[in-house]
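Under numbering that gives the first Met the number 0, the first residue of the sequence shown is numbered 0, with each subsequent residue one higher.
Source of the hints: derived by calculation from the structure; they are not laboratory data.
As the structure is a prediction and not an experimental result, all values here were calculated from the model.
There's no promise every hint is true.
To be verified - Between beta-carbon pairs, the in silico distance windows are: (1) 89 <-> 28: 29 to 35 Å; (2) 104 <-> 61: 16 to 22 Å; (3) 58 <-> 31: 15 to 21 Å; (4) 101 <-> 61: 23 to 29 Å; (5) 104 <-> 58: 15 to 21 Å; (6) 101 <-> 36: 16 to 22 Å.
Even glycine gets a Cβ: it sits at the ideal position worked out from N, Cα and C.
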Amino acid sequence: MPMPRWWGHVNKRVFNPRAIAGGKWPVLTHVGRTSGATYRTPLDAHPVDGGYLFVLVYGSRSDWVQNVLAADGARLRVDGREVELAAPRLVGEDEAFQALSDEVARPPRLLRITEFLRMDLVAG
Numbered sequence: 000m001p002m003p004r005w006w007g008h009v010n011k012r013v014f015n016p017r018a019i020a021g022g023k024w025p026v027l028t029h030v031g032r033t034s035g036a037t038y039r040t041p042l043d044a045h046p047v048d049g050g051y052l053f054v055l056v057y058g059s060r061s062d063w064v065q066n067v068l069a070a071d072g073a074r075l076r077v078d079g080r081e082v083e084l085a086a087p088r089l090v091g092e093d094e095a096f097q098a099l100s101d102e103v104a105r106p107p108r109l110l111r112i113t114e115f116l117r118m119d120l121v122a123g
């Protein structure tokens with residue numbers, strides 16, 4: 000069952016600012032593909048070999064996903080540091096689950112999440 004459209008608006012306006020201010024969640028900084036504005040989106044970022052994997056709870060049509068794909072990268076603030084990410088690509092369940100460590104809980108089947116976003120760390 001997909002999330003209702005209004006949930007995304009509540010998430011952007013209420014939960015995101017609190018999560019960013021609190022500093023507990025990884026925050027992805029990306030540029031709007033049409034506006035050119037800078038956005039900060041708190042996300043569940045999972046370290047994988049050479050980069051990070053993001054579970055696409057709202058699917059690949061989400062604005063932040065489209066922005067990252069269009070810009071070919073983003074910055075991630077995680078554990079008090081910023082890392083540069085590049086080469087964003089959508090991956091399926093099999094590749095995602097293979098990349099994730101066994102300690103990371105898989106999304107519940109009920110959510111029907113089948114798309115994930117993977118990005119590589121930029122050496123620096």
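Hint check results:
no.	hint	in the structure
1	89 <-> 28: 29 to 35 Å	violated (20 Å)
2	104 <-> 61: 16 to 22 Å	holds (21 Å)
3	58 <-> 31: 15 to 21 Å	holds (18 Å)
4	101 <-> 61: 23 to 29 Å	holds (27 Å)
5	104 <-> 58: 15 to 21 Å	holds (20 Å)
6	101 <-> 36: 16 to 22 Å	violated (39 Å)
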